[in-house]
Every structure is written in structure tokens, then in C-alpha cells.
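**Q** Make the full structure from the sequences, and use the hints.
Following my numbering, the numbering of the sequence shown begins with 1268 at its first residue and continues without gaps.
It is worth saying that the hints were derived from the structure and are not from the lab.
Owing to the predicted nature of the structure, the values given are computational and were not obtained by experimental measurement.
Among the hints, erroneous ones may be present.
Claimed, not checked - Restraint ranges, calculated between C-beta atoms of paired labels, are given here: (1) E1954 with E1760: 46 to 56 Å; (2) T1633 with V2026: 29 to 39 Å; (3) K1583 with F1789: 39 to 49 Å; (4) A1969 with S1764: 46 to 56 Å.
What the hints assert, rightly or not - Restricting the straight-line Cα-Cα distance to at most 30 Å, the calculated cross-link-like pairs of lysine-lysine (DSS-like) are: (5) K1558 with K1663; (6) K1518 with K1540; (7) K1353 with K1418; (8) K2067 with K1518; (9) K1511 with K2067; (10) K1558 with K1583.
Glycine is no exception: its CB is placed at the ideal position from the N, C-alpha and C atoms.
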Amino acid sequence: MKPFTYLTFLFAGIFLGIPGSHAQNSGHAVVSGKISTSNGLPAAAVSVVVVGTRQGTTTDEQGHYRLELTEVGSLTLEVSAVGMAKQRQTLTVSADASITQDFTIDMTSAQLQEVLITQSRGYTTLAPSPTLRLDEPLVEVPQNIQVVSSKALSDQQVISMSDGLIRNVSGAVRLEHWGNLYTNISMRGTQIQAFRNGFNVVSSYWGPLTEDMSFVDHIEFVKGPAGFLLSNGDPSGSYNVVTKKPTGETKGEASITVGQYNLYRAAVDLDGKLSQNGKFLYRLNVSAQAKGSHRPNESDNRYVVAPVIAYRPDDKTTITAEYTLQYARMSDVGSYYVFGPVNKGYAWLPQNFSMTPEGLDPTNITDQTFLLNVTRNLAPNWKVTAQGYYLRYDQKGSSMWPENEMTDDGKIIRGVDIWDAFSRSALGQAFVNGHFNTNGIQHRVLAGVDVGDKDYLADWGQSFALDTEDDPFDVYNPDLGRPANGYPTFDRETPLSERAETAGGIQTQRYAGIYLQDELGFFQNQLRLTLAGRYTWVRQSEWGEEAYQASHFTPRIGLSWSIDPNTSAYALYDQAFVPQAGRIYGGGRVKPITGNNQEIGLKRNWAGGNWNTSVSVYRILKENELTNDPLHSDPNQSYSIVLGQKVARGVELDVRGRILPGFDVMANYAYTHAEITKLNEGVEGFEVGDLVPGYATHTANAWFDYTLQRGFLRNVGISAGFTYLWDRKTYDGELEGMPLGDYFKLDAGIHYHIQNFNVRLNAFNLLNNYLYSGTYYEWNNAFYWQTEAPRNLRLSISYKF
1268 MKPFTYLTFL
1278 FAGIFLGIPG
1288 SHAQNSGHAV
1298 VSGKISTSNG
1308 LPAAAVSVVV
1318 VGTRQGTTTD
1328 EQGHYRLELT
1338 EVGSLTLEVS
1348 AVGMAKQRQT
1358 LTVSADASIT
1368 QDFTIDMTSA
1378 QLQEVLITQS
1388 RGYTTLAPSP
1398 TLRLDEPLVE
1408 VPQNIQVVSS
1418 KALSDQQVIS
1428 MSDGLIRNVS
1438 GAVRLEHWGN
1448 LYTNISMRGT
1458 QIQAFRNGFN
1468 VVSSYWGPLT
1478 EDMSFVDHIE
1488 FVKGPAGFLL
1498 SNGDPSGSYN
1508 VVTKKPTGET
1518 KGEASITVGQ
1528 YNLYRAAVDL
1538 DGKLSQNGKF
1548 LYRLNVSAQA
1558 KGSHRPNESD
1568 NRYVVAPVIA
1578 YRPDDKTTIT
1588 AEYTLQYARM
1598 SDVGSYYVFG
1608 PVNKGYAWLP
1618 QNFSMTPEGL
1628 DPTNITDQTF
1638 LLNVTRNLAP
1648 NWKVTAQGYY
1658 LRYDQKGSSM
1668 WPENEMTDDG
1678 KIIRGVDIWD
1688 AFSRSALGQA
1698 FVNGHFNTNG
1708 IQHRVLAGVD
1718 VGDKDYLADW
1728 GQSFALDTED
1738 DPFDVYNPDL
1748 GRPANGYPTF
1758 DRETPLSERA
1768 ETAGGIQTQR
1778 YAGIYLQDEL
1788 GFFQNQLRLT
1798 LAGRYTWVRQ
1808 SEWGEEAYQA
1818 SHFTPRIGLS
1828 WSIDPNTSAY
1838 ALYDQAFVPQ
1848 AGRIYGGGRV
1858 KPITGNNQEI
1868 GLKRNWAGGN
1878 WNTSVSVYRI
1888 LKENELTNDP
1898 LHSDPNQSYS
1908 IVLGQKVARG
1918 VELDVRGRIL
1928 PGFDVMANYA
1938 YTHAEITKLN
1948 EGVEGFEVGD
1958 LVPGYATHTA
1968 NAWFDYTLQR
1978 GFLRNVGISA
1988 GFTYLWDRKT
1998 YDGELEGMPL
2008 GDYFKLDAGI
2018 HYHIQNFNVR
2028 LNAFNLLNNY
2038 LYSGTYYEWN
2048 NAFYWQTEAP
2058 RNLRLSISYK
2068 F
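**A** Structure follows, in C-alpha cells:
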């Protein structure tokens, strides 16, 4: 079916059906109203159900709800949220009646917010954030979506996106990275896209800057394509960082964290009203961090200021303005890497071995974002959202990398390349969510447009050899003092735009997209059919070469069946259209990735939603994807090759939530297999059937946290967790007979809270294993790897007020 024909049918089916939902003779009664907290504020995400039926909904951010009833007579509404007493109200409903029924719950907005954040279930989240645009419970979404809650982040003492957070999601790995510059998460066989508040914030392969957790509320991982995000997304998935917003209650939290290897960190979170009537609200997060490393001459200092102001002119409208400043001052971003002779293999140097000399200038990064969001409730079941996002990224620094081939006796010349960069992104979205019924069929509608304008400029065209041929660096006898050749002095007088053009370091992207989705609910919404389509236009250029443009239509079809109110089975077919940046050796145009995801799964909420499980089986086919060019693999030039066709298959299992009072569990397992199924003509160095690197065949994670509920040790808790990766496929490739070893990390902790104080002590890498990731590097005939810290402790103390 042609794209425009498909869209025409979809538009007609939705919008021609809307009037029928308001027809006088529809035979449907409507019950609507507003639910407020005991202190008069809107009660969001409160459940409203018709007792004895499958009909129900949840309140929106303004506390409104609306139900179109298919039955008449004497009906009972039940209002509930975890931690509050249920309320019931019996109504006599006749056909075509319109009834207003308001409720006031016996809970303040602060108490309700605390319930919504923790769900009184530990690590479980039952609904996606508004930034995902899916106005329905997660159990009904025909896709695998995992949410890392704020409680999980706190319990595991996660301080940035690269600080072990991925243990909470099945199949997520992080094999290679430039220090803490960017996160670089892979899932389902390839790197996934980074989103923030629903916007794709990737402007180059090396971004965005890893988010500090001080201003982050939670993170949503979407497995597979996600056209509903209204941005370009990878077929393997994406993660969406959701930042903290005002709650309307005056409260705050201050915390300090200290740890081995010179970690000192402080953060403050303030939340409250700017006006007595609650129309103006604010949220302010500030943090400062000084962080060393188990390797010498390495650091990562961070400073964050993140104010948010919300204005509610009436009970239907919210205007939110958010600014985030992240400043990072870190050591040379190549300092994590060490190199060794090919005849020695991996991981034989000490864990604290470094090739970074003292006195090398640090890398400074300023990352600024500004978000403006306007949300307006047009009717109880209709909402429109418009938001704009502006991002600016400034980097001044360098990256270390070898200048020559390593000798068998461990001699090498270390090099430093300039890495100054500037990035600017201006992004916009507008979308509408709506619910209505036609002839007994429930419709959940999502329609929207998005536009983006991104530029990235970088100078990596200047290099400097730290050592000389007469006095090279010796891994057997390292000297981290002043290098034989001194320190680099780069040309920064020339404007970056000119330097980037000379170095081929310019990337641009302009795009526009339209998305339309209708989820049709049959048999009182027990069976749901999702029909959606997206049309995307994009124009982009890479490495200073001529820009090209392309457009593509991608349909989305989903089916979800509620076996019972807490259990659903689903199937999904979704296509992807993803612009990509790369540089092909010898020239050539880079085409977008095209492909599709086929997925089936089963979800269940247990014990009233206290904990949940999900299992999914998928097959992702990708064409035109770039991969690292093994024959010309010089990272300073970032050469890639068009592979042809790749298929990734796998199984994923996730368990999370509060199994018993005080006992929170997160556990997951994933099997992943990705291989080349087709090669394009002229491709060298690959064969059909070759495994595609960048994942682990088996990943298993767990985290357990138990707090004693009674006795003299009440409120004392213990925690433990592990990460196990085996059969790892390296980032670049393997030297035959020298695979990357398995990975096992064990962590544990103890904590205590009394009233508003909380103290937590965690021990990481408890077994003191030599943990690393790396690969064989053909370009200079060496192995390189990065080590993680040996056994180390981290203490955090927080106070809520």
C-alpha cells in the first residue's frame, strides 16, 4: 500500500469517527469529573474504574478523567491509588446521559507524588511518562518498555548515565566508550539512540554528554523502533531521560556522596511554589562533583544547575520552562585506554596502569539545554502538547591515541589529537492525544509533527606525538612524567568553523516528520489493534561532504490482548528509517538505515502492581547499516563501511518490583545473536554468517534490596547485585583464538533510614575481579582495553525536608 493511501485511510478512520463519539443517539453515557488532593491540587495518575467491568481510565496531569460507558443502570465507580483508601460512588446511568462526578482523596499532593514516584512498589512503574506520548498503562502497550525508577537509581548510587545504570535493563551493554564523555549503550545488537524528555538529542556519534543524575527523575528504555516518539529512532531501540519537574508541594532533599578514588559529591533538590495560589511552581537541582580514578592523572569533575518553572494559568493549561547547565572538566578522553603487544593478549597489565602523562591539559565541556513545554487539555479526554528544545554543546580538549604500531617488546609512540567541538540543535514537536468511542470501539489517538535542525562541528585535524622514536613509551617500564616531546600547543586562534571544515568534521541534519496512530479497543478494550504510520523527510551531511536528502514512510502495526486486567500478550511489526553519520573510505554517500522489528511478548503485573514481569522475543532486520571498517580502522578518521543486511534475534526477560514488604527486586536476562545475512558488492573483510560485534550473547543482571520491617533493627537494610556477561563480542573484532573473556561483577550494600535521614554504604566489585572491555586493534597490531575500578566503597547521606 502506498504511504499516502495508508495515511488517507488512517486519517479518515479516525477523524470521520470523532463526531460519532458525540452524537446524541450514540447510546453511550459519559461520566467525567476531577479528582483533587486534600490540599486542593490536581490528583494525577489516579485510577478510576467501573466495578465489575473492564472499563477504566486514569486521571491526567490536571486530575481530569472521562469514561464513555457501554452499560447503563446502576454502576459503581471506584477511585484508587497505591497508599490511599479506595473510594466508591454508585451512580444511576441512563443512555446518552452526561454525568459529572468529582472526588477528593484523603492524601496531600506531596503524599500522592511520593506514591507515584516510588509506586510503594520499589522499582515498578505502571505508566510511561507524558514525554513518551503513550496515554495508556505500560501493560497495554504492544512493545517492551522498561523504566529505571528514581528509587533504583538511589539504591544503586548511580551518579551518571555511564555509572552502572544499564544493569537495570535486559540486554543493555556498554562495551567501549570515551571516558565519561558519552554513554554509548548497545541493545539488541547495536548502539541505541539517546533521547531527553522525548527529543532525540544525538547530533554526532559522540554525544550527548552523559547526564548527571542530580536532575534526572527516571529513564525509559524502549526496545525496538518507536515511531510514537516523533523523532528518528534506531530499530534496536532508544532510551529517554526524563528530568525532574515541579510537583506543587514545598519540599527538598540534600545529599552528599563520598567514595574511594577521591569521589566527593553534593546535591540539592528544591521543590515548591512561587506563588501562594499555586499557579507558579519551581524545581531547582544543583550539584557539584570532584571525582578521581583508580588510574593516575585521570579525573571527571562536574557541576550542574537545573532550574524549572511551571505556570498554571488555569486547571487545563500548564506552561513549563526548563534550563539545564552541565559543566564537565575531565582528563583527556582517551585516558581510559591502555595498549599491549599482541603476543600478550588482554588484561595482563595492572588495573591501575595508565598511559596518560601528568600535566596534560584537561577537556572542558559546557552542555546547555532549554525546554519550553505547553500542555492544554481541550476536553476531559483530549490534550494537545507543543514543546521546543534548544541544545548547545561546547567542547575544548583532546583525545589520546597511538601514533604508530606497537612493537612486540611494548614500545609505542603516544599521540594527542585536538578535539574541539561545537554542537547546536533546535527541535520542535506538537502532538495531540485523544480518547473516544465509536459503535462500541474505543479509540486512543496520537497525532503529531516534529522538526529538527542539528549541526556538529569538530576539529580533530591537529595531532601531536608525545614521544619520539628514540624515546618511545614502554609499557613494561612506564614513565608518566613529562613526555620526551613535551606537550602539544594547538592552533585555536583560527575559528572552529574553519578548522572543522579543513578536518572534515562537520555534520548537519534537518528533518521533519508526521505521525498518526489509532489504537482501536474491542470487547471493552480487551483486544487492542494499533494502526500507525509515519512519514519522515531528512537532509543531512557528514564529514563536510555534500548533503543529501531522503524520505520514507514507515507503518506500525501492533496487537495487544488483555488475558485479564493484569496480563497481556502482544505482537508488533514496526519499520525504521534512521539517518546515520559516517565516513566511507574512498568516498561514497551514506544512506539511512532501513529495517523492521518483529516482536511478540507477554507482560504481567503481580500483587496489584507491586511487581511485574515481561518476556519478549524479537527479530530485527537492518539494511544499509554502517559498521566499523576493519581494513581502514583508524579512529581518528572514523571510517565506516556499508555492511549490507544484518539480522539480530533474541529473547529478553525482566522482573522488577516489590515482591514482599520491604523486599525490592530487579532481575533480567537476555540472549542476543546478531549476524550478517547479506553483503553488498565490494565489501571486504566480512562474510555472510559473520557475527556482528558490539554485544554479549548472554547478559544477566540482578539487584536485591531488603529492609527490615520490625524489631530493633527496623529500617536497617541490605542489598546485593551482580552483572554477568558471557560470550562477549568485541566492539571491533577478535584475533582468532583470543576472544574477550567473560565478565562478572558482584556488588553489595547496607543502609539505614530514620525519619528524614538515609545513610547507604555500597561496595562495588566485591570480589575484586579484573573487569575490562576491549578488542584487538588491527591498525597498530595491538590489544587495547579499559579497566574498571577494583573493589571500592561509596557512602551517601541524604536528608529530606
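**Q** Does each hint hold? Answer for all of them.
**A** Taking the hints in turn, this is what the structure says about them:
no.: 1; hint: E1954 with E1760: 46 to 56 Å; result: 49 Å, holds
no.: 2; hint: T1633 with V2026: 29 to 39 Å; result: 34 Å, holds
no.: 3; hint: K1583 with F1789: 39 to 49 Å; result: 31 Å, violated
no.: 4; hint: A1969 with S1764: 46 to 56 Å; result: 49 Å, holds
no.: 5; hint: K1558 with K1663; result: 19 Å, holds
no.: 6; hint: K1518 with K1540; result: 10 Å, holds
no.: 7; hint: K1353 with K1418; result: 25 Å, holds
no.: 8; hint: K2067 with K1518; result: 7 Å, holds
no.: 9; hint: K1511 with K2067; result: 16 Å, holds
no.: 10; hint: K1558 with K1583; result: 45 Å, violated
The structure fails to meet hints 3, 10 from the earlier list, while all remaining hints are met.
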